[in-house]
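There are 2 protein chains.
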Amino acid sequence: MTESELIRWIRNQKQDESPFVLKGVGDDCAVLDPSPQSRLVVSTDVLVERVHFRRRWMHPYLLGRKALLVNLSDLAAMGALPSACLLTLTLPSDLTGGFFRAFMDGFLEEVRRWKTPLVGGDLSRGSSVHVGVTVWGHVESGEPVYRSTAAEGDAVVLVGDVGLSAAGLNLLKREDPTELADIRKEAELAAWAGDAFRWRCLKAHFLPTPQIQAGDWLRRNGFASAMIDVSDGLTIDLRRLAGDSRLRFEPGPRIPLEPGLTDHISKEAALAGGEDYALLAAIPGDRLERLRNEYPGHLPEWRHLGSLRQADADGSMETDPAPGFDHFARRP
Amino acid sequence: MTESELIRWIRNQKQDESPFVLKGVGDDCAVLDPSPQSRLVVSTDVLVERVHFRRRWMHPYLLGRKALLVNLSDLAAMGALPSACLLTLTLPSDLTGGFFRAFMDGFLEEVRRWKTPLVGGDLSRGSSVHVGVTVWGHVESGEPVYRSTAAEGDAVVLVGDVGLSAAGLNLLKREDPTELADIRKEAELAAWAGDAFRWRCLKAHFLPTPQIQAGDWLRRNGFASAMIDVSDGLTIDLRRLAGDSRLRFEPGPRIPLEPGLTDHISKEAALAGGEDYALLAAIPGDRLERLRNEYPGHLPEWRHLGSLRQADADGSMETDPAPGFDHFARRP
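Chains as they are written, first to last, in the numbering used here: chain A, 1 to 332; chain B, 1 to 332.
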């Protein structure tokens, strides 16, 4: 298909109406009505072939779904709800047929599920697949939750799992299952995985759950004094939350790893792995009991990881390099 | 440099304060205050190595400048003023030093010039350079100008030049001047070009001028009934402006090419070339005389190209394929 045909195809896909979007795809810019919103939040992330994903291990439909999901996680970390998104897609010329359609099917499925209308973008030729997504979110009243506003004595809680995604990636690296490039349906992927735990790991890697509802609930009800999502590994993101608030993290007695996880991946790798898209929230210590009583049963359960303490007398945080994912760091 | 060092470097660059930006680089999302704005407009464009630019012909400082400039042109086409931007930058690992710094120098220079604070982004490793920019603009009151709202009898005017950028690209292809990869200063590029016209062509290609002031003036003063920027070639973008308004374009007697241009490039190539970032505006016919009298002398001059007429009886536009740039079209 040509670029114009691809754009026409996208314009013809059904999307829900949104009061925020006055004009979507089809002009020089999308036009948005900001008036009902108290604050807009915005974030962008890229998925690069052979860095963030391999085509040989992943159906383009799943890549399309993941591309929106990982961006929504940044909104969750602000306690914001999704408003709209933009997509840039760079493709080799031979992928404008089935690959493009399957990718867009997955992307637009999540667009509808999360009420995040696709309002514009850019399509380009390129030597490898490169996906860029920009998302907006909003808070209807009040302020979003920042990373840097935790206070001494706050408890740190985790919503969602860590280490499963890294274990899923390990599984792909170890088994090089090129047959997965052709498996689109979750039920067939689960069957391929063979046992429930392996499927949980694969699913965490391919289709992470952005903790939008939990982030919104924690913000709206005044529980979260600071939040961050775990995208580069629990160790590094815990340190970021504490460090940006000029505090240090003091771990509690239990490390929050799933039973059975260390059969698949070392503890260190699980804590450093990244791509978890769980939520770390700082909760004032005196509200932890109320959180226990009031937290809704339909939200993913939270776990208490430890607490935030005054940084050392000289104001420094720990200085040993934290494990976690850095795109340009030298690999050992 | 590592990813964290690159981000720290960006955070330490001086940027002007903006009332729109409550939180810029450094959290999961940027936070924007939309309240003073009537409408937000948003656009995104990518620049892909070996598709949109070649490193062998272009200093990274110029690439950084161009990356913001071409995005601002989409705001100009809505009659909007710049508010903020996001940047995604994918780089091979060996380019995180001088290349990264020079690129960011150029990008941030235009950020300051156009008061478009950089509020977030994503850095990634990749096998080639890939730049993605998202820009917001705003109109303080009233509505932005769409493509599709021209009326029968409107005149079409052009602000800016067409064909020069294509001639600049032709020059690069013909002469393969790899020494340009090391030339950062405009004065030295002008000296390299040798004559004033060659330098105009190169400059149009490397550093296009987004017609922000002209677009804002035409919108604010009620002259523009529809606008579009010329990014894919004059022929195709004229047809888009007319077609989206269900009209057809009737050319006037003069084709708006610079004297001397056809010594460097064929007329057809100039009209199909693209990357002009000029502005096409539809002006109600009865206001053309007033435009002549009131258009400010400090804005780039406008030229009258023709007018918009009723489409053929069956509602169809012309059906011959328009020349212009399509990313996935087969090359002859």
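A portion of the hints provided could be inaccurate.
Any copy will do: because identical chains look the same in the list, a pair fits if it lies in one copy or spans two.
Keeping only pairs whose Cα atoms sit at most 16 Å apart, straight-line, the calculated EDC-like set for lysine to aspartate or glutamate is [what the hints assert, rightly or not]:
hint, residue 1, residue 2
1, K203, E188
2, K23, E143
3, K14, E188
4, K23, E186
5, K173, E109
6, K23, D244
7, K23, D182
8, K185, E175
9, K203, E140
Since the hints were derived computationally from the structure, they do not count as laboratory data.
As the structure is a prediction and not an experimental result, all values here were calculated from the model.
Okay, the hints, checked on the actual structure:
| no. | hint | verdict |
| --- | --- | --- |
| 1 | K203 to E188 | within (12 Å within a copy, 55 Å between copies) |
| 2 | K23 to E143 | between (27 Å within a copy, 12 Å between copies) |
| 3 | K14 to E188 | neither (27 Å within a copy, 52 Å between copies) |
| 4 | K23 to E186 | neither (34 Å within a copy, 39 Å between copies) |
| 5 | K173 to E109 | neither (28 Å within a copy, 43 Å between copies) |
| 6 | K23 to D244 | between (38 Å within a copy, 14 Å between copies) |
| 7 | K23 to D182 | neither (36 Å within a copy, 42 Å between copies) |
| 8 | K185 to E175 | neither (20 Å within a copy, 52 Å between copies) |
| 9 | K203 to E140 | neither (32 Å within a copy, 45 Å between copies) |
Against the hints set out earlier in the document, violations occur for numbers 3, 4, 5, 7, 8 and 9.
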